[in-house]
Amino acid sequence: MNAPMCDDVIQAVPSQEQGLTRRQAIAAGGGIIAGCVMGLGYKAGGRSGDGQLALRPPGALVGDGFLSACIRCGQCVQACPYDTLRLFDLTAGIQAGTPTFTAATNPCWLCQGYDSLKCIDACPTNALSAIDNPVDVRIGLAVINESSCLAYNRTMCRACWHACPYPNQAIVYDDMLRPVVNAEACTGCGLCEHGCPMETKAITIKPLTIVKTSSARRST
Amino acid sequence: MDNSRREFIKTSAMASVATVAAGGSSAVAEKLKEAPADSSVQWTKSVCRFCGTGCGVMIGHNGNQIVALRGDPGHPTTKGLVCAKSLFLPKIVHSKDRLKVPMLRKDGKFVPISWDDAMELMADKFAKAIKKHGPDSVAYYGSGQAMSEESYLCNRLFKGGIGTNNVEGNPRLCMASAVGGYVSTFGKDEPMGCYDDIWAANTIFLVGSNTAECHPVIFDQILAAKQAKRSLNIMVLDPRKSPVVSAARVHLNPIPGYDLAVLHSMAHCIIRDGRHDEEFIGKNCQFKIVKDGKPINVGLDGYIKFLEDFTPERAEMVSGVPAEKIEEAAKLFTYGPTMSIWTMGLNQRTRGVWANNLMHNLHLITGNIGKPGATPFSMTGQPNACGGVRDTGSLCHILPYGRLVKKEDHRKQMEKLWGSKPGIIKSKPGLHTVAMFRALGEDKIKAMVMLTTNPGQSMPNLHPVRDAIGKPRKDKPFIVVLDSYPTRTTEIADLVLPAAMWSEKTGVFGMSERRYQIHPQVKKAPGMARSDFDIMLEFAGRLEDKGAVKKGYIKGKFKTTDDVWDEMRLASRDTPYDFMGITRERLYKERGLRWPCPTEDHPGTARRFVKGDDPTLDSGKYADHTLAKGDVKFYAAPNQRAVVWLRPALGPAEPTDKEYPFVLSTGRVLEHWHTGTMTMKAEELRRAYPHCFIEMNPKDAREMNVRSGDMIKITSRRGEARIRARVVDMPRPGMVFVPWHWEDKDSLINFVCTDAFDPGSKQPEFKICAVKLEKI
Chain B
213 MNAPMCDDVI QAVPSQEQGL TRRQAIAAGG GIIAGCVMGL GYKAGGRSGD
263 GQLALRPPGA LVGDGFLSAC IRCGQCVQAC PYDTLRLFDL TAGIQAGTPT
313 FTAATNPCWL CQGYDSLKCI DACPTNALSA IDNPVDVRIG LAVINESSCL
363 AYNRTMCRAC WHACPYPNQA IVYDDMLRPV VNAEACTGCG LCEHGCPMET
413 KAITIKPLTI VKTSSARRST
Chain Y
72 MDNSRREFIK TSAMASVATV AAGGSSAVAE KLKEAPADSS VQWTKSVCRF
122 CGTGCGVMIG HNGNQIVALR GDPGHPTTKG LVCAKSLFLP KIVHSKDRLK
172 VPMLRKDGKF VPISWDDAME LMADKFAKAI KKHGPDSVAY YGSGQAMSEE
222 SYLCNRLFKG GIGTNNVEGN PRLCMASAVG GYVSTFGKDE PMGCYDDIWA
272 ANTIFLVGSN TAECHPVIFD QILAAKQAKR SLNIMVLDPR KSPVVSAARV
322 HLNPIPGYDL AVLHSMAHCI IRDGRHDEEF IGKNCQFKIV KDGKPINVGL
372 DGYIKFLEDF TPERAEMVSG VPAEKIEEAA KLFTYGPTMS IWTMGLNQRT
422 RGVWANNLMH NLHLITGNIG KPGATPFSMT GQPNACGGVR DTGSLCHILP
472 YGRLVKKEDH RKQMEKLWGS KPGIIKSKPG LHTVAMFRAL GEDKIKAMVM
522 LTTNPGQSMP NLHPVRDAIG KPRKDKPFIV VLDSYPTRTT EIADLVLPAA
572 MWSEKTGVFG MSERRYQIHP QVKKAPGMAR SDFDIMLEFA GRLEDKGAVK
622 KGYIKGKFKT TDDVWDEMRL ASRDTPYDFM GITRERLYKE RGLRWPCPTE
672 DHPGTARRFV KGDDPTLDSG KYADHTLAKG DVKFYAAPNQ RAVVWLRPAL
722 GPAEPTDKEY PFVLSTGRVL EHWHTGTMTM KAEELRRAYP HCFIEMNPKD
772 AREMNVRSGD MIKITSRRGE ARIRARVVDM PRPGMVFVPW HWEDKDSLIN
822 FVCTDAFDPG SKQPEFKICA VKLEKI
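For the record, the sequence lines run as chains B and Y.
So this note's numbering is basically just the index in the first sequence, starting at one, shifted up by 212.
So this note's numbering is basically just the index in the second sequence, starting at one, shifted up by 71.
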């Protein structure tokens, strides 16, 4: 379950770029750099070229369908009122220009405080299909790592339960008041992952394409 | 050898970098944190800084750095459990926001001043006020988070030195009603039971207590007890479906403020079904009602007659709790032993004392007291409200260890022990908290010191309180605040003194079950910060020099908190609090001790008022050798019988109406604590709650077309706040719930709360006020 998400790989690129000294940069020349970056991007894209590992906005078509329906216009990113969404850059290969987000730093707030899901409203194609009620959003599934979760390790903590937009439905308690994810109701918004106080998050959002094939039960 | 030398050079180089970098950039701090990766981490036994549970913790420290904290597995009650708050204490202590230099407000701006100037100014302002306007023109506002020794010293200084009873503290906001309940029913304050009772109980009745979040470690024990014993019944009385309800067999959810009828109705059902304990009542109880301001004995028959009005059906009409649920709760209550646990839901009320009395009534009529697992238990919200403020008598009407200012012999005892001028302690109680801040607003108080508390955020009806503290005006009262962090109070103070905090000073915390535990100093305070004890000791000395306090009253008597502790033990001698046997050495060695503990070989007392357990019944003026082991005797009550009070079931001070149709209750969440000055310093905890929220029932939300995340304007007769909605089936319809940890002024809910207070305990009604909501 610890497969690196594609955006983790991509985030590493700019820091490498910063690592070059001025002289090196000049010597290498812009074209070469671009070539290297593209190469890296090809590699990253190759690892997740089908988009299976990225978290997508609400209503996204599953798998390759999304990649072909998304016209890379970026309107969903502009519409996002919480600045959650961002676009994959050039280094992401075939995914470049498609929207994604990182739950740990800025989760999908399900357009709390707005009448509708703004990214879906903005989408000119059917890459993001209409969802009437945010409760029906299925971005991914929250998975608790019981070996690092405080609540499972003799320390009282319920941050994820509190952060969850549907407490007692998507995250419920077991008889020791430890959090348990209810796969039927979890929207995969990532608010729990964002709220988790652990440095290495003990609850993380896994894309549906992964958890579907794993032991997690899920009806969709 | 080589290694250590290299290490040394590395560390000192980094230390010099740190000194150069003004304030130390975070990158440097990160490096410093990584640097000492050697095995010289020491572990010291201590106690958690947060709620009244009193969890035993082990602090891992290396030099001046606390590197880790874990639960103390050897602790007798908490057994190594801690909550998320506790875990982040090292980060909180090392926060870069700590106050480091004394600061004085000059022309509206804070400027740093030297300690000497600061102390001289503070003493001068107080001495002048006392000289010109009399001792009652100064006041002290303390805290259930200060160490016992600090509260005791300040109480000693103000009541026996300066000669004013204007000594208050934030426990007035959190547990004064519990004190009133215990004192009026049993004659002396503090619970008689202990945490061990959780494991022996067959029924646990949680009343107005979200134990799962506010005392999480205790609730974990309740759940563990339930797992060990499946027959354990958990009942909950709370208008909000808080997380404890998920474990409960019965949930009574009254309309906020109308639970007194439910408690009376439970007593009605118990007696109607003949489930009361007549033998216990005959031996240990008396029945009283207040008529024309005087208590009158009525006897059991009078009580039964009084309860006739409280049939479950009538209680349902008043409280909204279904009659069959009341019947079931009454039945389960008699499946003893029964332990009741309550906190702010009963205490923060204008009928707080009465509600406390009614809880005791249920226990008294069923004989559920004094046996293992059977006790009425009020939990505290602060680590040292019991040991530090209630026990040391640091409130306006009491003196140390169960003494009262209005009793002449009590005053004389304290004057003698303290070496005060005879007759200096006034017989009239001073100003209670709400009255104190009102007097401050009217400029009747000229100088005031506040320590380890944040009234600029925690007081109800904040607008007049903040004006009283900070509004610029002619001859404005001089406000001194001692704190470790910048708060909503320091921002409006005149003089801010940087204080050492937990683990930077040595002192005793006394938690809910009467256990006194020591928390030792393991590191130095940052910058120029000093402990509150040090500051107040020097302040007392300077007051003596200026003639405001008798010479030699405090100066020269105490060097460290250890010296104060020895005097405190003497003060407790021959009272039911007697802890002569709890010496400093024992506190360091053992994991806290429960008073009474009169001798050094006494193991401490699990249950008070029980022969064989409570040493007070074995010797001294309350000794009774006719009792058999296990017999209960309420020795401190009038006629040595506990009082079953017949209290009218009145509602809240501010009921809802057409204009203000919702009830507002304030409360807490697990990961944060009170005004958040500490827990918000840990980024991890802050991220768990990025902003304040107002919980609304889905039914109300639908009617108002509100969804989670919508901005709600919440308005009462006193103020308003703007908070994001969280639609969840937790508060009952017609009620909203807001936690009060966030300090941004937009969402500060205490602007909205009412400062109506209980006429007996003077505790304000944080839990109930009428508001209107508006989606914006």
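Just so you know, these hints were derived from the structure itself, not from any lab.
Ideal Cβ positions, reconstructed from N, Cα and C, are used throughout, including at glycine.
Any given hint could be a false lead.
As the list claims (entries may be wrong) - So the derived label-pair ranges between C-beta atoms look like this: (1) Pro393(Y) - Met388(B): 51 to 61 Å; (2) Pro674(Y) - Asn365(B): 25 to 35 Å; (3) Met388(B) - Asp344(Y): 47 to 57 Å; (4) Pro393(Y) - Asp333(B): 40 to 50 Å; (5) Asn365(B) - Ser498(Y): 51 to 61 Å; (6) Pro761(Y) - Thr421(B): 50 to 60 Å; (7) Glu791(Y) - Met388(B): 32 to 42 Å.
Hint-by-hint comparison with the structure:
1. Pro393(Y) - Met388(B): 51 to 61 Å: Given range 51 to 61 Å: violated, Cβ gap about 29 Å.
2. Pro674(Y) - Asn365(B): 25 to 35 Å: holds, 32 Å
3. Met388(B) - Asp344(Y): 47 to 57 Å: Given range 47 to 57 Å: violated, Cβ gap about 35 Å.
4. Pro393(Y) - Asp333(B): 40 to 50 Å: holds, 45 Å
5. Asn365(B) - Ser498(Y): 51 to 61 Å: The hint (51 to 61 Å, Cβ to Cβ) holds, given that Asn365(B) and Ser498(Y) are roughly 55 Å apart.
6. Pro761(Y) - Thr421(B): 50 to 60 Å: violated, 29 Å
7. Glu791(Y) - Met388(B): 32 to 42 Å: holds, 40 Å
Checked against the numbered hints given earlier, the structure breaks hints 1, 3, 6 and satisfies all the rest.
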